[in-house]
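With the hints as your guide, set chain B onto chain A.
Those protein sequence lines, which keep their order, are chains A and B. For what it's worth, this note's numbering labels the leading residue of the first sequence as 81, then goes sequentially. For what it's worth, this note's numbering labels the leading residue of the second sequence as 11, then goes sequentially.
Keep in mind that the hints were calculated from the coordinates and are not lab data. Note that the structure is predicted; figures quoted are calculated from it, not measured. One or more of the hints may lead you astray.
Between beta-carbon pairs, the in silico distance windows are [to be verified]:
{"#": "1", "chain 1": "B", "residue 1": "GLY233", "chain 2": "A", "residue 2": "GLU314", "range": "35 to 45 Å"}
{"#": "2", "chain 1": "A", "residue 1": "PRO86", "chain 2": "B", "residue 2": "PHE259", "range": "50 to 60 Å"}
{"#": "3", "chain 1": "B", "residue 1": "ARG119", "chain 2": "A", "residue 2": "ARG219", "range": "29 to 39 Å"}
{"#": "4", "chain 1": "B", "residue 1": "ARG24", "chain 2": "A", "residue 2": "GLU210", "range": "49 to 59 Å"}
{"#": "5", "chain 1": "B", "residue 1": "GLY29", "chain 2": "A", "residue 2": "LEU180", "range": "26 to 36 Å"}
{"#": "6", "chain 1": "B", "residue 1": "ARG24", "chain 2": "A", "residue 2": "ALA110", "range": "42 to 52 Å"}
{"#": "7", "chain 1": "B", "residue 1": "ARG232", "chain 2": "A", "residue 2": "GLY206", "range": "47 to 57 Å"}
{"#": "8", "chain 1": "B", "residue 1": "LEU180", "chain 2": "A", "residue 2": "ALA199", "range": "56 to 66 Å"}
{"#": "9", "chain 1": "A", "residue 1": "GLY206", "chain 2": "B", "residue 2": "PHE259", "range": "52 to 62 Å"}
Computed far set for chain B versus chain A, every beta-carbon distance over 10 Å [what the hints assert, rightly or not]:
{"#": "10", "residue": "LEU140"}
{"#": "11", "residue": "ALA145"}
{"#": "12", "residue": "MET168"}
{"#": "13", "residue": "PHE192"}
{"#": "14", "residue": "ASP257"}
With the Cβ distance kept under 8 Å, some of the chain B side facing chain A (calculated, not the full set) [claimed, not checked]:
{"#": "15", "residue": "GLU135"}
{"#": "16", "residue": "GLN136"}
{"#": "17", "residue": "ALA139"}
{"#": "18", "residue": "ARG141"}
{"#": "19", "residue": "LEU143"}
{"#": "20", "residue": "GLY144"}
{"#": "21", "residue": "THR172"}
All residues carry an ideal CB built from backbone N, CA and C; glycine is no exception.
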Amino acid sequence: MSERVPTVVSVQGVYKSFDGKPVLRGVDLAVRRGETMVVLGGSGSGKSVLLKHLNGLLRPDRGEVRVLGCDVARLDEAALVSVRRRVSYIFQNSALFDSLSVGENVAFALREHERLDEAAIAARVGALLESVGLAGTERLFPAELSGGMRKRVALARGLALDPEVVLYDEPTAGLDPLTGAAITALIKGIADGRGATSLVVTHDLAVARELDGRVALLRDGVFAFLGTLAEAAEQDGPVGEFVRAGGVHARN
Amino acid sequence: MLLVERLYDLTWRRVRHLGGVVLLTRSALARMVTPPFAVGEVVRQIESMGVRSTSLAATIALFSGAVLALQTAFTLERFGAELFIAEMVGLALVRELGPVLTALMVGGRVGAGITAELGTMSVSEQIDALRSLGADPVRKLVSPRVWALVIGLPLLTMLADTTGVFGGMLVAMWELDLEPGFFMQRLLRRLEYGDLFSGLAKSVFFAVAIGVIAAYNGLRARGGADGVGRATTDTVVAIAITVLVIDFFLTKAFLLL
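Just chain A, same shape as in the assembly (with noise of 0.2 Å):
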């Protein structure tokens, strides 16, 4: 990618810790417009708690977050307002209201930002389902809906205010194969058909096989390498059998 594509996520020595257990250690990272980033790391190792930084759902005990130009850690809930409707996170459980129907649920940023009238954002509603595959199910409810299923509700609801930034955690955790690489299909999909810059965090090698873009690995509580999957799995040492571990073999 060329160097004059700017950079819309920059963490630069970010440190965190929960009850004086260290988490992160000094991160650094860069990610460019439009870009597919997948950060992978064993369970624990911080891979979440580094992607809630983006969006400000947690703030680093020093350090500086930049996304989309705003120093997210600096700012306060009101004023981070204006980086959420940019900057969309889903969630590894997707998280969905479960006193809401899928419909409000995927019109909740609908209602909450856009002044549209109820015509304008039932249509934009189906139209959102019916991209990750569930035209239709605007009256069911989350408890009524698969893994897999609910996951897409959380996508469509994620791409609600067209993000600029997609923030993905553990999309495929806890779903089958096919679920999972049909979620995975949506990802790149939507990284290729919106060029929203997409961060995807996950332990689940054939996502990031799947999405071919660079990949981090932590460890440690810092990022012990950043390059292509390929790359990763010709390194000695810890992060050549974790990418090998997860059947991604050496060009050579």
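Showing chain B alone in chain A's frame:
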């Protein structure tokens, strides 16, 4: 040293907890009086919290009024002053027992419900989802519930006052052979607007305390079902203690007015 450290830790946690409740009270009250107002949500919450608590509030007040009348009659008979039963039962109910018992019972029921609901949303990341969609959880979830309590609790208190007095009147009829008309006449002659006001004003303060404490514990719940359970228990205990402590200071303040 370990004991000192633990005491320090416990005190610090309590102070932080109290600070958090005070800050949430400030933000919830600020959002209650600034637009946009979630009128539909407030109405829905009044229905779910208030209307469904009417039978609880009425039943408790009916029997509390009746028991109060029995005990008062027993005491007054010793001094030959049974005729004062209406004033004593009525004033005690309207000024004190109506608001406090309603707050304790309804507060326990409604407060536990709020904590369980918001706690479940918190542990399933729905609160984070709200924030990440650019919505304000205090405006969306806390303020409508506090509004519903501020409207609903005084109404339930009035219901409790009425049924409590009715229970007292039934006992006065059966135990002391007093006529209902005579009972009500004596009560209304002594009862002033100030008595009614002090009871209802108390219930407004109780409502804010119940709503904010319950919401605070819910929003801070962590660790799955176990965490939600602990938060709910904490809420019931905290509401009971807070209602009684606030009641003492408000009673003192209203008596000085």
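Comparing the hints with the structure gives:
1. GLY233/B to GLU314/A: 35 to 45 Å: With Cβ atoms ~41 Å apart, the hint holds.
2. PRO86/A to PHE259/B: 50 to 60 Å: Holds - the Cβ-Cβ distance for PRO86/A and PHE259/B, about 59 Å, lies within 50 to 60 Å.
3. ARG119/B to ARG219/A: 29 to 39 Å: 31 Å, holds
4. ARG24/B to GLU210/A: 49 to 59 Å: 53 Å, holds
5. GLY29/B to LEU180/A: 26 to 36 Å: For GLY29/B and LEU180/A the Cβ distance comes to about 32 Å; the hint holds.
6. ARG24/B to ALA110/A: 42 to 52 Å: Roughly 43 Å apart at Cβ, these two residues keep to the hinted range, so it holds.
7. ARG232/B to GLY206/A: 47 to 57 Å: 37 Å, violated
8. LEU180/B to ALA199/A: 56 to 66 Å: 58 Å, holds
9. GLY206/A to PHE259/B: 52 to 62 Å: 56 Å, holds
10. LEU140: 8 Å, violated
11. ALA145: The claim breaks: ALA145/B does not keep its Cβ more than 10 Å from every Cβ of chain A (closest is about 5 Å).
12. MET168: 30 Å, holds
13. PHE192: Fine: 52 Å to the nearest Cβ keeps PHE192/B off the interface.
14. ASP257: Its Cβ never comes within 10 Å of chain A, the nearest being 34 Å, so this holds.
15. GLU135: Interface hint status for GLU135/B: holds (4 Å vs cutoff 8 Å).
16. GLN136: GLN136/B check passes; min Cβ-Cβ to chain A is 5 Å, inside 8 Å.
17. ALA139: 4 Å, holds
18. ARG141: 6 Å, holds
19. LEU143: 5 Å, holds
20. GLY144: With a minimum Cβ separation of about 4 Å from chain A (threshold 8 Å), the hint on GLY144/B holds.
21. THR172: With a closest approach of 34 Å, the THR172/B hint is violated.
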